[in-house]
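Student: Here are the chains, one letter per residue:
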Amino acid sequence: MGYGDVQMIDENGNRVDGRKAGDIRPIEIEMGVVPVADGSASMRWGTNYVIASVYGPMEAHPRKIQRQERAVLDVRYNMAPFSTTDRFRPGFNRRSREISKVTADALESVVLLELYPRSKIRVEIEVICAEAGTRCVGLTAASLALADAGIPMTDMVVSVASGKINGVVVCDLNKEEDNYGAADLPMGVLPNTGELVFLQMDGDLSPSEFQEAWDYNMEAALKIHELMKEAIANKYGGGQ
Amino acid sequence: MSNSGASDGRTLAASGSLVIPGDKISSDTSGQLGHGVIKVNDELIATKLGYLVEKSGEVSILPVHTAYFPRPGDLVVGYIEGMRSNIWFIDLNAPFNAILPMSLAPMKIEYGGTRDAMDVGTTILCRVQEVDEAHSSVVTMKGMGLRKVNSGFVDTIPPHLVGTISSGSNAIIQQLKDASNCRIILGANGRIWVDGEPEGIRIVRDALAYARDNQHSTELAAGIASQLANGNGE
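These protein sequence lines map, in sequence, to chains A and B.
Per this note's numbering, numbering through the first sequence is continuous, rising by one, with the last residue being 482.
Per this note's numbering, numbering through the second sequence is continuous, rising by one, with the last residue being 236.
Since the hints were derived computationally from the structure, they do not count as laboratory data.
Check before you lean on any hint, since a few could be wrong.
Said to hold, decoys possible - Listed next, the in silico BS3-like pairs over lysine-lysine satisfying Cα-Cα at most 25 Å (straight line):
| id | chain 1 | residue 1 | chain 2 | residue 2 |
| --- | --- | --- | --- | --- |
| 1 | A | K471 | B | K144 |
| 2 | A | K477 | A | K262 |
| 3 | A | K471 | B | K179 |
| 4 | B | K150 | B | K179 |
| 5 | B | K57 | B | K26 |
| 6 | B | K57 | B | K41 |
| 7 | A | K417 | A | K343 |
| 8 | A | K465 | B | K26 |
| 9 | B | K144 | B | K110 |
| 10 | A | K465 | A | K477 |
| 11 | A | K477 | B | K26 |
Stated by the list, open to error - Simulated restraints, written as ranges between beta carbons of each label pair:
| id | chain 1 | residue 1 | chain 2 | residue 2 | range |
| --- | --- | --- | --- | --- | --- |
| 12 | B | E83 | A | R337 | 52 to 62 Å |
| 13 | A | V278 | B | A224 | 44 to 54 Å |
| 14 | B | S32 | A | G436 | 26 to 36 Å |
| 15 | A | P332 | B | G147 | 24 to 34 Å |
| 16 | A | K343 | B | R149 | 28 to 38 Å |
| 17 | A | H303 | B | V156 | 19 to 29 Å |
| 18 | A | P332 | B | K41 | 26 to 36 Å |
| 19 | A | R337 | B | K57 | 24 to 34 Å |
Said to hold, decoys possible - Reference listing, derived: stretches of chain B covered by chain A, where coverage requires no fewer than 3 residues with Cβ under 8 Å from a Cβ of chain A:
| id | stretch |
| --- | --- |
| 20 | 130-144 |
| 21 | 179-186 |
| 22 | 223-231 |
What you are looking at is a predicted structure, and each value in this text was computed from that prediction instead of being measured.
Cβ coordinates follow ideal geometry from the N, Cα and C atoms, glycine included.
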């Protein structure tokens, strides 16, 4: 039996965790979880648990990274050694560098960096428990932490992945679907404008499947955006 | 976030409501743009997480968190963080250190004598003299009341609370002065110098701790007033 033969969705459209094709996993968001940070947020997304914290703006060091006309975003994505069933070797690796880079690129699209010349804004994303889609959880949590830190942004960033399992396009892949599925399409979306700031794809999707995954992601992003608003209102109240 | 403020049919969020980055505030762009608001495609968009404020035709956001950025004229409490032969580097609780040139120090100093005059760790009251586009700032200690701080205690509150604590007819800072009988100077950078009897300093510290813990409460002033009334800050 090969990877593609693992049955992960039944004839009624129920996935291994009982969700339907367009459902997302349960999400819990908490703001201000790291008191020493300028802004922070935690996200439980299915079994994923990610904490993002933001420090700054601060003077950019080393000086060679300073930009005279804008701030730089220093994003560090890291998985804790105990975040996976097999021990994850601590420290930076090629995957974490790549995710840090794409997360920084996505966030740079919304953060008004030109307001803070020569500065650095440090974003730390720590994966405490990993299931699947940690880059999406990390990016979304980082966007919340930036807002919590009072960093000006044109919009929030919501990230979610859809993919294909057993020939069916489904939203928000879990671990089994991510491991044994045929394709994965993580996207970062600006919920107020529908603009895209981040897109990657693993595997093969036909144009119609791609469109279906795209639609799932866009729809899920709006739902997650509402959850983000609720979490912020829980922390800071509905108004003065 | 709240969309209940459609008083004129164009306002999408009510004054005082919580908004997050990207929220559409209004389709009426005739007013002045204040802090945390930008105009995009004939709509006003929030760029900060905070409370919407509409005042005298200006729309702005009172952020829930913000970093201190020096502005000329700000009275601030700074720490000496380093020096060269003719300048000091001052930590102002801002992203960048300010500089204090020897010529703007309150005493006469020979070239090379900066450390003897004010060493690393010294607390000073100073005023921001100039700030350039890249946020480099110069502070001065020439002016009434600007000097080295040799006594008392320095506490810190988030910079966005400075306005709340210092403004209003019955300002919190005045209540603290009355209750503690201390001399209190509130820096625009969120640092507060308190000088007086130890009991008075304790009252102020407790009240400021309360302010930090309840910084997003709408009843902050009333809470501090009741804390001061019920046992002088205990």
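Student: Give a verdict on every hint.
Tutor: Against the structure, the hints:
no.	hint	verdict
1	K471(A) / K144(B)	violated, 48 Å
2	K477(A) / K262(A)	violated, 31 Å
3	K471(A) / K179(B)	violated, 39 Å
4	K150(B) / K179(B)	holds, 21 Å
5	K57(B) / K26(B)	holds, 18 Å
6	K57(B) / K41(B)	holds, 17 Å
7	K417(A) / K343(A)	holds, 23 Å
8	K465(A) / K26(B)	holds, 18 Å
9	K144(B) / K110(B)	holds, 11 Å
10	K465(A) / K477(A)	holds, 19 Å
11	K477(A) / K26(B)	holds, 21 Å
12	E83(B) / R337(A): 52 to 62 Å	violated, 38 Å
13	V278(A) / A224(B): 44 to 54 Å	violated, 29 Å
14	S32(B) / G436(A): 26 to 36 Å	holds, 27 Å
15	P332(A) / G147(B): 24 to 34 Å	violated, 52 Å
16	K343(A) / R149(B): 28 to 38 Å	violated, 49 Å
17	H303(A) / V156(B): 19 to 29 Å	holds, 26 Å
18	P332(A) / K41(B): 26 to 36 Å	violated, 46 Å
19	R337(A) / K57(B): 24 to 34 Å	violated, 49 Å
20	130-144	holds (count 3)
21	179-186	violated (count 0)
22	223-231	violated (count 0)
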